[in-house]
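Keeping the supplied structure of chain A fixed, place chains B and C upon it in accordance with the hints.
Chains A, B and C are the protein sequences, given in the same order.
Just so you know, we're using my numbering here: the first sequence kicks off at 1 and counts up by one.
Just so you know, we're using my numbering here: the second sequence kicks off at 1 and counts up by one.
Just so you know, we're using my numbering here: the third sequence kicks off at 1 and counts up by one.
Everything labelled a hint here was simulated from the structure, so no lab data went into it.
Glycine is no exception: its CB is placed at the ideal position from the N, C-alpha and C atoms.
Don't take every hint at face value.
Cross-link-like lysine to aspartate or glutamate pairs, in silico, DMTMM-like; alpha carbons within 20 Å at most [said to hold, decoys possible]:
no.	chain 1	residue 1	chain 2	residue 2
1	B	Lys47	C	Asp92
2	B	Lys127	B	Glu43
3	A	Lys85	A	Asp75
4	B	Lys95	C	Glu47
5	A	Lys60	C	Glu57
6	B	Lys95	C	Glu29
7	C	Lys10	A	Asp46
Computed far set for chain C versus chain B, every beta-carbon distance over 12 Å [stated by the list, open to error]:
no.	residue
8	Glu19
9	Lys21
10	Ile58
11	Gly94
12	Val101
Here are the in silico distance ranges between beta carbons for each label pair [what the hints assert, rightly or not]:
no.	chain 1	residue 1	chain 2	residue 2	range
13	C	Ala96	A	Gln169	45 to 51 Å
14	C	Thr104	B	Ala29	32 to 38 Å
15	A	Val119	C	Asn37	26 to 32 Å
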Amino acid sequence: MTALRFSIALLVVFGTSLALAQGGEDKRRSGYQDMGAALQQMQDDDTANPGMLFVQQGAKLWEQRVGAADKSCADCHAAANVSMKGVAARYPAIPPGADKPVDLEGRINLCRVDNQKAVPLPLESQDMLALLAFVSRQSRGLPIAPPDDSRLAAWREQGAEIYGRRQGQLNLSCAICHDDNAGKKLAGVTIPQAHPTGYPIYRLEWQGPGTLRRRLRNCLIGIRAEPYPAGAPEYVALELYLMDRAKGMVMESPGVRP
Amino acid sequence: MDRRRFLAGTAVLALLPFDRAAATPDAMAEAIRKVVGGAVVREERVKLDMPPLIENGNTVPLTVSVESPMTDGDYVKAIHVFNEKNPQPNVLSAKLSPRTGRAVVGTRIKLGDSQKIVAIAETSDGKFWSASADVIVTLAACLEEST
Amino acid sequence: MANILVNAPKTAKRGDVVEIKALIMHPMETGFRPGPNGQIIPRNIIEHFTATWNDAEIFAIEMSPAISANPFISFFAVATESGKIRLRWTGDQGFAVEEQVAITVE
Numbered sequence: 001m002t003a004l005r006f007s008i009a010l011l012v013v014f015g016t017s018l019a020l021a022q023g024g025e026d027k028r029r030s031g032y033q034d035m036g037a038a039l040q041q042m043q044d045d046d047t048a049n050p051g052m053l054f055v056q057q058g059a060k061l062w063e064q065r066v067g068a069a070d071k072s073c074a075d076c077h078a079a080a081n082v083s084m085k086g087v088a089a090r091y092p093a094i095p096p097g098a099d100k101p102v103d104l105e106g107r108i109n110l111c112r113v114d115n116q117k118a119v120p121l122p123l124e125s126q127d128m129l130a131l132l133a134f135v136s137r138q139s140r141g142l143p144i145a146p147p148d149d150s151r152l153a154a155w156r157e158q159g160a161e162i163y164g165r166r167q168g169q170l171n172l173s174c175a176i177c178h179d180d181n182a183g184k185k186l187a188g189v190t191i192p193q194a195h196p197t198g199y200p201i202y203r204l205e206w207q208g209p210g211t212l213r214r215r216l217r218n219c220l221i222g223i224r225a226e227p228y229p230a231g232a233p234e235y236v237a238l239e240l241y242l243m244d245r246a247k248g249m250v251m252e253s254p255g256v257r258p
Numbered sequence: 001m002d003r004r005r006f007l008a009g010t011a012v013l014a015l016l017p018f019d020r021a022a023a024t025p026d027a028m029a030e031a032i033r034k035v036v037g038g039a040v041v042r043e044e045r046v047k048l049d050m051p052p053l054i055e056n057g058n059t060v061p062l063t064v065s066v067e068s069p070m071t072d073g074d075y076v077k078a079i080h081v082f083n084e085k086n087p088q089p090n091v092l093s094a095k096l097s098p099r100t101g102r103a104v105v106g107t108r109i110k111l112g113d114s115q116k117i118v119a120i121a122e123t124s125d126g127k128f129w130s131a132s133a134d135v136i137v138t139l140a141a142c143l144e145e146s147t
Numbered sequence: 001m002a003n004i005l006v007n008a009p010k011t012a013k014r015g016d017v018v019e020i021k022a023l024i025m026h027p028m029e030t031g032f033r034p035g036p037n038g039q040i041i042p043r044n045i046i047e048h049f050t051a052t053w054n055d056a057e058i059f060a061i062e063m064s065p066a067i068s069a070n071p072f073i074s075f076f077a078v079a080t081e082s083g084k085i086r087l088r089w090t091g092d093q094g095f096a097v098e099e100q101v102a103i104t105v106e
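Isolated chain A (complex conformation) (with noise of 0.2 Å):
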C-alpha cells in the first residue's frame, strides 16, 4: 500500500516534470525581449527611462489632498511602496461591494469618487497616467497574479471571444497576428505577443505615456475596426483575458515600447 502510494507520487512528480520538460520553458516572451539592447538600456535605466518623469509625477500627485474629503491616496494607503506593491499585477478585478470588475483605472475613479469626494479623473489624462505610472511602478518585478476570483471567469470568457474574433475590414483577430503570427516583422517591428507587462508604457510613436486600452484602439484602428468607445465594458474583458494570459510573466512597468 505504502509502496503502491509511494510508486504513484513518483510517477505524479516524473510524469509532471517530464511535462514541463516536453512541454518546454515557457515559451512567453514579453515585448522588451523583442526590443533592440538601445531601448532595453531605455527602459532598464530609471534615470533615462521617460517613464519615470509620469511616475514622479504621480508620486506627487499620491500627497496632493483632493475633494471634499481633502483626503490624499497616502492619507488612506500610506507608503505606496508597501501598500501598492503588487496592486497592478492583479487588476483588473471586482472590487469590494462591486459586482462587475474594473482596471486600475477604474479603480482609482472610485477611491476618487468614494473616498476623496472628488470628481473622477478623465480616463487616459495626464494626471490619470502619472497615477497609473506610479502605482504599476510598486509592482515592477512582481509575476502578473490575476485574481482567483470565479466570478471573473464570465468576462475572462468575453475577453478571449472577441481575442479569437476577426473583425474590421482587414478582418484579422488579434490572434492572428499575436498567436499565430508573433515574432515575425510588420513594417520593421517585430510582432509582440501581446503581454500586457509594461502598463503603462513610454511609448515612443505616442512620444508619451499611455494604457493598455489605448494600444488596444490602436490595434482596433490597425485592422480596420470601429474601436470600442471610450470606458467600454469590451476593453475590460480583454485586459482581464490579457493579464490571465500572461500570469506569472513579469513586470516592467513604466516599459519603453517603439
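Using the frame of chain A, we list chains B and C on its own:
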C-alpha cells in the same frame, strides 16, 4: 536622352566622389559650412554612437564622444550634430569647456527617415573633426496618430 | 510645476569627472505637424539648456525641433568644489524652468 548618352552620363557620375558630395543634401552641407567656414574637417577623433536600426524614429539615442584631454590648453569647444533629411538640418549645438571634463554628449533625436547623421567637433585650436553614421529608421517620426 | 529628473552624484572627489543626466517633461512640438483639424500645431520646443556649477557655466546646448519629446541630456563635469549644480531650460512660449542639485566635493 538616348541610351548611349545616358550610359555615358552614368559613367561620368561613377567617377565622381559620389559617397560624400552626392549623399549630402545641400541643406546639410550649407548648415555645416556655416559652422566650419572654409576649414578642413577631418574624419578623426569623433565617435558618433547610434543604433544602426531604429524601431521608431521619434526617439533615437545618440552619443557623441570626442578624444580630447579637456585641459585649459587643449579642449573641445563645441559639438554640432546635423541631419540630411529632417525638415531642418541642425539637430543640436553643444558648448563645452575644460570644466566639462569629458567631451561626451548624449541625447535622443527624431528622425523622419533613414539618413546620414553628421557630428562635428571644434577644438580649442580652431580645428574641426567629424564622424557620421547611417541610420535605418523602420517607423519614421512625426507620423500623425489618429487616436 | 515642471517635471524634471536629474541624476548626478551627491558626492565626488575633487578633480573627478562626474556624469549628469537630466530628463524633462516637454512636448518638443516641431511646428511641422498638422493637428487633428489639419492646421499646423505651433512650434513649442526647448531651445536652450545650460548647466552651471556654483554659477560658472559648465555646459550648454542649443536644441532644435529634432530633439525628442521629453528631452534627455547627458554630459560630464569636473568636480571642482562643493556647491550647487543648476540646470536651466528655456524655450518657446515663455518656457523657463530651473532645477538644482547639491554636490559635496571632498
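Against the structure, the hints come out as follows:
no., hint, verdict
1, B/Lys47 with C/Asp92, "violated (31 Å)"
2, B/Lys127 with B/Glu43, "holds (12 Å)"
3, A/Lys85 with A/Asp75, "holds (17 Å)"
4, B/Lys95 with C/Glu47, "holds (14 Å)"
5, A/Lys60 with C/Glu57, "violated (31 Å)"
6, B/Lys95 with C/Glu29, "violated (24 Å)"
7, C/Lys10 with A/Asp46, "holds (17 Å)"
8, Glu19, "violated (8 Å)"
9, Lys21, "violated (8 Å)"
10, Ile58, "violated (4 Å)"
11, Gly94, "holds (22 Å)"
12, Val101, "holds (16 Å)"
13, C/Ala96 with A/Gln169: 45 to 51 Å, "holds (48 Å)"
14, C/Thr104 with B/Ala29: 32 to 38 Å, "violated (48 Å)"
15, A/Val119 with C/Asn37: 26 to 32 Å, "holds (28 Å)"
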